[in-house]
Amino acid sequence: MKKSGKQQHIRRQDFLTSLAFLSPSLLGVGIFFVVPFGVVVYYSMIDGVGTRVFVGLENFQKLFSNAAFLLAAKNTLHFSLLAVPLAVVLALGLAVMLEARIPLKSQFRTFFLSPMMVPVASVVLIWQVLFNYNGTVNELLLLFSEEKIDWLLSEYAPFVVLLLFLWKNLGYNMILFMAGLSNIPKELLEVADVEGASEAYKFFAIKLRYLSPTVLFVTILSLISSFKVFREVYLLAGDYPYESLYMLQHFMNNTFRSLDYQKLSAAAVVMAGVMVVVIWLLFKAEDWFGRDIEG
Amino acid sequence: MKKKRYFSRGVIFLLCLVFSVAFLLPTVLTITNSFMSESEIASNYGMIFSTTTGGYVSKTVNLKFIPDKVTFSQYLTGLLRSPEYLLKFWNSVILVVPIVIFQIAVASITAYGFTRWRGRIRSGIFFFYVILMLMPYQVTLVPNYLVSSWLGIINTRWSIILPGIFAPFSVFLLTKFMRRIPYSLIEAAKVDGAGEWEIFTKICLPQCRTALYSIAILVFIDYWNMVEQPLILLEDSEAQPLSVFLSNINSGEIGLAFAMATIYMVPSLLLFLHGEEYLVEGIAANSGSVKG
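Protein sequence lines, in the order shown, are assigned to chains A and B. Quick note on our numbering: the first sequence kicks off at 1 and runs consecutively. Quick note on our numbering: the second sequence kicks off at 1 and runs consecutively.
Since the hints were derived computationally from the structure, they do not count as laboratory data. Worth double-checking, as some hints may not be accurate.
Not the full set, but computed from the structure, chain A residues with beta-carbon under 7 Å of chain B [as the list claims (entries may be wrong)]: (1) G5; (2) G28; (3) L77; (4) L142; (5) S145; (6) I149; (7) A197; (8) S198; (9) Y201; (10) V270; (11) I279.
Model, not experiment: these values are computed from the prediction. Just so it is clear, CB atoms sit at the ideal spot from N, CA and C, and this is done for glycine as well.
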C-alpha cells in the first residue's frame, strides 16, 4: 500500500515536471491556434458577429453555392491532383538516378536541392521572361509553329505554375527518397543480385516495397505544399490571375478584404475538416503498407 | 553485359546534366542579369516589361547569360538612392530572425517534454501538433487574424512573429531527434543527481547541436520565402517584407528588381553553402513516418 502511494507520488511529480516543460508551447498554441479556432467554429454557425443568432449550417450551405469558392476549390484540387503524383514520381526518379555510380554525384545533389533555398519572389522575373507572350519560350515555339501561346493568360497557365512548383519542391522530396533508399537492407539487394534479379525487379519488388512509408510521407508533404501554391501564382500573376489559377488562398484573401467573418470561418472549418480526413486516410494507408516491414 | 551497364550509366549522367541545367538556370540567370545596365535590360526585355528609360528596344526578347558590360549600377541605385528596398530587406530580417530564434527555443523545451515523458495525454497532444503542422494557411490564417485583432497587433510585426514562434514544425522535428538520444545518458545524469533542467541543458541540447542547426535553416528559408501571412496580417503596413515587395516593382524598374532579387537570395544561399550537409541530414531524419 505504502509502495504504490509512493509510486503515485512519483508519477504525479513526473506529470507536473513534463507539464512545466510543455507549458510555454501549450500556452502559445492555445492562444494563437486552439482558442481562436474554437471561435472560428462558433462564427461559422452564427449569422453575424454583431447579432450572433445561431443559424446552424446555413453559412456552409451558402459557401457551397458560392461560385468563387467552388472555382477556387476546383482549381486547387485540379492542381494538387496534377502536382502531387509528379512531385512524388519525379523526385523518386532523381533519387534513383543518383544511386547509380556516376561522376559528380554530390554536385548533382547540390544542384537539384538548390532551388529550395531560393525565394520564389527572386526567380519569378525569369519565369516572366520565359513565359510572357513575347517571351523566350514563345520565341522558341515560333521556330516550330505559327502560333504563340499566352501562357499565363490561357488554359496553359497551371502548367507554368506547375513547372515552378516542381522546380522548387523536387529537391526536398529527392532527399527524403535518398534517405529511404539508403535504409533498405543491403543483404536483401545482394541476395537478389546473386539470384540474378533484373534491375526492374529489384526496384519494384524490393525497393518500392521498403520505400512505401517514404512514398506516403512525401505524398503528404507534397499535398501540403500544393495547397501553398498560391504563393507562386500570386508572385507570377497577382491578385486577380487567369480563371484557372484562382486558388483557395485567393478566395480567402478576397474574403479577408471584405471581412466577411461568416464566410471566412465556414471556409476555414471546411478546409480543416477536409485536411483531417485526408491526413487520416494517408495514416491508415501508411499502417496498411507498413504492416509487414516494421519490427 | 558490362557494355550495357556503361551505356545506362552514361544515359543517367546525361540526364543528370540536363536536370542540373534546368535547376540552376533560373537562379544563375537572375544573378547574371542583375549585373546588366538599365539600358541593356531595357533593350533585352523591353517587349515584356514596360521600361522608363526609352532608347533602343529589341524586337525579340534576349535572355542572356553574360552581360555586355558588367556593372554594379543596379546595386548602387538599390542600396543608395532608393532606401526603401533596404528598408524592406531589413523588415524581412527583423521578422524572420526572432521567429527562428524563439521558435527553436520554445520547441527544444517542448520537445524535451515530449521525449522525456510519455503517456496517453502527451502522445495525444503530440498528434495534435502534427495535424496542426500539416494545416495549410487557408486554415491557420483565420484564427491568427482573429487573435491579432483582439490583441490589437494587426498590421504590426507581432501578428506574424508571435504565431510564428509557436508554430509546431520544429517541435515535431526536434522531438524526432531527441528520441534517438540513448536513455542511459539521461539515466546516468539522474543518478549523479542532476535536475531535469540540468539534464535538458547540459546533456540533451549539446547532443542535438546539428539538429538545431538544420532545423534553424529549414525554419529560416520557410519564413524568408513567406508571402501569405504578410499579405493578410500586414496588409497596409510599412513593415512588409521584401518577398512581397519584390513582386510590386516590376513596372519600370526591372533592372533594379533583378538586383534586389539577387540580394534577397544571398542570405539563404549562404546558409545553404555553409550548412548543406546539416540540412540534408535534417531533412533525411524527417523521412519515414509522420506519426513520430
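Now the hints, each set against the structure:
no., hint, in the structure
1, G5, "violated, 20 Å"
2, G28, "holds, 3 Å"
3, L77, "violated, 13 Å"
4, L142, "violated, 9 Å"
5, S145, "violated, 16 Å"
6, I149, "violated, 15 Å"
7, A197, "violated, 14 Å"
8, S198, "violated, 12 Å"
9, Y201, "violated, 16 Å"
10, V270, "violated, 9 Å"
11, I279, "holds, 6 Å"
The structure does not agree with the numbered hints 1, 3, 4, 5, 6, 7, 8, 9 and 10 stated previously, though it agrees with the rest.
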